[in-house]
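Undergrad: Please model the entire structure based on the sequences and the hints provided.
There are 2 protein chains.
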Amino acid sequence: MSTRIRPSRRRDEQQNRALTAVQPLLNTLPLVTVLSEEGVQAIHRASMRLLSDVGMLIVDYPPALEIFRQHGAKIEGERVWIDEDTLMHFVRQAPSTFTVQARNPANNLPIGGNHCVFAPIYGPPFVSDYQRGRRVSTMADFHNFAKLSQMSQDIHLAGGVLCEPNDLDNNERHLDMLLGLITLSDKAFMGSVTHINNARDSITMGEIVFGKQSIRQNPGMIMTVNASSPLRYDDRMFSVVHAYAEAGQPCLFTPFIIAGAMSPSTMAATVAQLNAEALFGICFAQMVNPGCPAVYGSFLANIDMKSGAPCFGTPENNLAMFAGGQMARYYKLPYRSGGNFTASRIPDAQAGYESATTMWATMQAGTNFVLHAAGWLEGGLIASYEKFVLDLEICAMAARYVKGISLTDEDFAWDAYEEAGPGKHFLGTAHTMRHYTTAFHQHKAFSMDNYEKWEEEGSVDSYKKAYGIWQKMLRDYEAPPLDEATRDELHAFAAHRRAEIQAGKPRSGWESSKQ
Amino acid sequence: MSTRIRPSRRRDEQQNRALTAVQPLLNTLPLVTVLSEEGVQAIHRASMRLLSDVGMLIVDYPPALEIFRQHGAKIEGERVWIDEDTLMHFVRQAPSTFTVQARNPANNLPIGGNHCVFAPIYGPPFVSDYQRGRRVSTMADFHNFAKLSQMSQDIHLAGGVLCEPNDLDNNERHLDMLLGLITLSDKAFMGSVTHINNARDSITMGEIVFGKQSIRQNPGMIMTVNASSPLRYDDRMFSVVHAYAEAGQPCLFTPFIIAGAMSPSTMAATVAQLNAEALFGICFAQMVNPGCPAVYGSFLANIDMKSGAPCFGTPENNLAMFAGGQMARYYKLPYRSGGNFTASRIPDAQAGYESATTMWATMQAGTNFVLHAAGWLEGGLIASYEKFVLDLEICAMAARYVKGISLTDEDFAWDAYEEAGPGKHFLGTAHTMRHYTTAFHQHKAFSMDNYEKWEEEGSVDSYKKAYGIWQKMLRDYEAPPLDEATRDELHAFAAHRRAEIQAGKPRSGWESSKQ
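Residue numbers (the numbering used here), protein chains in the order written: chain A, 1 to 515; chain B, 1 to 515.
One or more hints might be untrue.
If several chains are the same, the list does not tell them apart, and a pair holds so long as it fits within one copy or across any two.
Derived SDA-like pairs (lysine to any residue); straight-line CA-CA distance at most 25 Å [claimed, not checked]:
hint, residue 1, residue 2
1, K505, A494
2, K464, G133
3, K306, R400
4, K464, R132
5, K424, R49
Rather than coming from a laboratory, the hints here were simulated on the basis of the structure.
TA: Structure, rendered in structure tokens:
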């Protein structure tokens, strides 16, 4: 699958490409499985039974009920029952791989197969940093995280709701976020899912950037939508899916389950329910627009049965993530899951343990799209500047990990053994000289210093060290080039929509100058 | 494989058993592989070439050279070349599973197969805690860690050199450590490897506890020995192996490699060298005593190519750990690897990320014996009280993880869906009531509190929280019962040996009262 889908137009973009081209991971290592083949079948059968016998709710969005009715599902009120044959007929229409365009074509993203892309944290109402602690996030924070994502070699998307810009009007802020993502970054962006009109605005801005026809061929954005589990989608989610699917833009269909509350407290039921909800969403998109790209998502936490608090980085969560990957592959769908999850409120040891616990499982589950790969704290309520930087270390390690062990003659280093022999170190051998610059993962946020050196340099823990790193990244940030015509049209469109929103007028169309 | 190998003798031991019986993990999940079958063969062939063409050094221990010579190896000076047929003939004598006795028979340890046992940190010269920071370790610290290991449900051995008792005489401290392990804990202990006489003292103390014949049938201790890589064993290591193998006691043969220095900087060569060194050690034990239990070990860090510092929790280390597990299974040998490794100097976020990175790979590699499962900081130089407690959380999670996903009808929770239905939570369902006490991993050291509650309670990070936990564990500690006769004989033997050591006399024998 090629990720280069058309030539770039400008010399400065050509130059910039070399600096920023993302390198999505290619994971050809064997994946972790926790279900036998019979187990996969058992989960599939249970999901089909949930969908055909228990049914799903679609709340406050009659158009979706009507679409399901027209395509053979049974409807009573807002409840939908669908049989296996009908459901799977539509699920099978979804492609197993597709490419999302980025403003810099070198940053186009392959989704599916053995590819794995990392996106930053999505959706938190708070930010925190080492100096200022936790606070309500603003548009200034959003811009900062957009710059950090752009600056991060191991983050492959600009992201979506990097944090809520709470200082801006709720009805317009999606425009500010889209402008921020598109102008501050040349990586792929995520569209808005907060209202059907916001979805349409996202599509229009994608058309302005890439061209109307172009994004029908290769999507110009990607979105994340959640079921409101158990077994339920609401009007907000299904109306935006409706709009995006009509325009051929892909959604990540992710049941967001806190097991024990939004699913039963047993893992088999939880995984079967996740599976049913993801497939139901994908089925809807295919009914709207057969062949529309879509991603099978799984997001699972569980409640602490004593306090009711959501738990992250747990063994149950990992088991469900592995099982979800197996189900996605069973249906030949791209898989979204995982991230650097933690319940902790600051980047302390707990945050590190929990994040690495989830993130390695994310890789080993064969995940194709990793939302929340950097910045996540407190169950996703906080975008942390330092956590962002620390998580990048694991993202970079993952990029090395998936390359596995090379077994060429050169890798067996026969000349080094002749040169050094038993009992002698290899530091000065010709073989080491040939390999030392690329031999091992090079740490950025973590320190390998011994105690004495570390103490001399101020006994800085990794939280404080990360503070200095993101500050430097922001200082070093340079905006990627953007042609004036596109920039002007984006701003003109945003101004047009702001005027409509402020006047309480209905949304009018916008024909982008690129077709 | 039964872990109960003989009836206990005393009523108080019977009662105690229920409280402390360890539960080694049974890992029946599919394991992670990073080498193809051809890859495993390629590593095997490269190792055989290293052993037959490059050779190994045995430094300052002529008896081992003589044993290799007698069994068909080629010797020149201190260098040994051995061909594949000869080597593998002896390697194949080692059993694939065995049982190590514990003072409380309920704590006997199965080694090999799908079993996995967790041992505490081994060998650090320093300890640290939240209040007092890093300091040189003492016998009081050793006693504390012995108590913590005994109190930890997820630590299955008392351990070995929990930390160096630097306040005690170097020639006698092994006696103090053995007395500490055996009297403060009723879990299996590790013997001394600091001198052949210390090995003999360990064996004698095992004979006093279990009986001389008994430990020949089922080992009364287990030891860890390292190659002094590359391709070298020294007199200290091979002399103690010699003593232990003659007595039928098992060693973990663990090349301790900092890749890039003690092996080439490529992973294929490093894994082949690890493999060669582990097999060579096992071969020696089998030449001494065919059928003697032995464990295939792998310990890998790599150097930071800029500073020369050892790195832990890296992708290269994990790849080597997975490959090592594949090689051990290829030879049908129990596998030792991993632990909660970090290069960090305090239990900060870095320590958490690195430790979880290594520990989950440890589980997924099919490791049977996990040394350093709790307490490790700064590349093993520090035994940290708080890190011990934090690592236990991951050990407990691993115990849940290896149980996988159960797929019974009850697990699919059909009655819960009838009771709750789409859109309604499951908290009050009869199914949840039946499962909530055992549903999910229950956190001890990690906190799931939200930001507000966490702030109210003092904004305690996990480092500080762990401080309170180990202090309570020490307060709650109760010594397991030990019959007076055994206790008296252990002390009498220690006094006898101290007198010999202090007088500079040669070691005399000791016939234990148990046969």
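Undergrad: It remains to establish, for every hint, whether it holds in the given structure.
TA: Hint by hint, here is what the structure shows:
In this assembly of identical chains, the alpha carbons of K505 and A494 lie at most 25 Å apart only when taken from the same copy (15 Å versus 92 Å across copies). Proximity of K464 and G133 under a CA criterion of 25 Å is satisfied in both settings, with 12 Å inside one chain copy and 18 Å between copies. Taking CA atoms no more than 25 Å apart as the test, K306 paired with R400 passes between copies only; the shortest distance there is 18 Å, against 39 Å inside one copy. Taking CA atoms no more than 25 Å apart as the test, K464 paired with R132 passes in both settings, with 12 Å inside one copy and 21 Å between copies.
For the identical chains of this complex, K424 and R49 are inter-copy neighbours only, at 18 Å across copies versus 65 Å inside a copy, given an alpha-carbon limit of 25 Å.
Hint violations for this structure: none, all hints satisfied.
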